[in-house]
Amino acid sequence: MEEKIKKVSIIISKGGMDGVYPGLIMANGARMEGIEASLFFTFFGLDAIIKKRMGKIKVATVGNPGMHMVSLLGVLPGMSAMATAMMKKTMDKLDIPPVPEFIEMVYDSGCKLYACKASVDMFKLKKEDFCPQVDSIITVGDFYEIAAGGHIIFT
Amino acid sequence: MQQKKIGNYTIDVDNEGFLTNLTQWNKDIAAAIAKEEGIAELTPAHWRVIEFMQKDFKENGAVPTIRKINKTGVISTKELYEIFPGGPAKKAAKIAGLTKPAGCV
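For the protein sequence lines, the chains are A and B, in the order given. Going by this note's numbering, 19 is the number at position 19 of the first sequence; the sequence numbering is gapless. Going by this note's numbering, 19 is the number at position 19 of the second sequence; the sequence numbering is gapless.
These are computed hints drawn from the structure, not numbers from a lab. One or more of the hints may lead you astray.
Label-pair restraints from in silico Cβ distances [as the list claims (entries may be wrong)]:
no., chain 1, residue 1, chain 2, residue 2, range
1, B, Asn21, A, Met1, 25 to 33 Å
2, A, Asp18, B, Asn8, 30 to 38 Å
3, A, Leu72, B, Glu36, 57 to 65 Å
4, B, Ala40, A, Ala81, 47 to 55 Å
So these bits of chain B aren't anywhere near chain A, every CB distance computed over 10 Å [said to hold, decoys possible]:
no., residue
5, Asn15
6, Phe18
7, Asp28
8, Phe57
Given the structure is predicted, the values throughout are model-derived calculations rather than measurements. Yeah, the Cβ is synthetic: ideal placement off N, Cα and C, and Gly gets one too.
Same shape as in the complex, but just chain A (with noise of 0.2 Å):
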């Protein structure tokens, strides 16, 4: 048999639904298999754990090829917000929570949340700006360190 994995690294860092959902899976499945897991979110990743955005987190309707419709359709007001709400509604029934309770969901379980400093800086974020569960923020170096003897995945 295969070694295990003991320990994951993942980077989330794109904001919209399939930017955040398969981080968050990835996380709380690796803490469900006992892997130490931690949580990095840059760029605009970082909506998911700013207090103000991450239970407004949306999936694309325009340029995203995906969604098989034409981009015509998905300018059109309140397109994403339908697509959205419908996505929302099967996750619920297949027990993936919405963003804020998965946060706490996968923080409970153990995996910690870091925000990427540099990212922080551009946008002109604090601390405050983020949800509790949040660690801390750290720059690219401190994740090398804490992600050290583990694997590293980016989303």
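Position chain B relative to chain A; hints supplied.
Just chain B, lined up with the frame of chain A:
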């Protein structure tokens, strides 16, 4: 299918040690599997989780998710991870005599 001997009992298990026949389950078997999984003693909190999982499994035909266990007020997610260290859903399901959890969350 494999068979496994626990004390005086013989149980049918899959290749990961999950019971394939819940009717063969009993509390002694649960305690023995818990020991194998590194849980020395099953406390009332463990039993609350086990009993809920079995009840929900019988009603819905699937092992409940950690979210469901938390939301129904059985135990907080934090506590669940503490009392079933190193993989709560899988370990609790195994001890409860249920199938391996099938979902990703």
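How the hints compare with the structure:
1. In this structure the hint that asparagine 21(B) and methionine 1(A) lie 25 to 33 Å apart at CB holds, the actual value being about 26 Å.
2. Between aspartate 18(A) and asparagine 8(B) the CB atoms are about 53 Å apart, so this pair departs from the stated range of 30 to 38 Å.
3. Range check, leucine 72(A) to glutamate 36(B): Cβ separation about 60 Å, and the 57 to 65 Å hint holds.
4. Here the CB-CB span from alanine 40(B) to alanine 81(A) is close to 51 Å, well matched to the stated 47 to 55 Å.
5. Distance check for asparagine 15(B) against chain A: the nearest CB is about 12 Å away, which clears 10 Å, and the non-interface claim stands.
6. With a cut of 10 Å on Cβ distances, phenylalanine 18(B) stays outside the contact zone with chain A, its closest approach being about 15 Å.
7. Every C-beta of chain A lies more than 10 Å from that of aspartate 28(B), the closest at about 26 Å, which supports listing it as non-interface.
8. The Cβ of phenylalanine 57(B) lies farther than 10 Å from every Cβ of chain A, with a closest approach of about 15 Å, so its non-interface assignment holds.
Violated hints amount to a single one, hint 2; each of the other numbered hints is respected by the structure.
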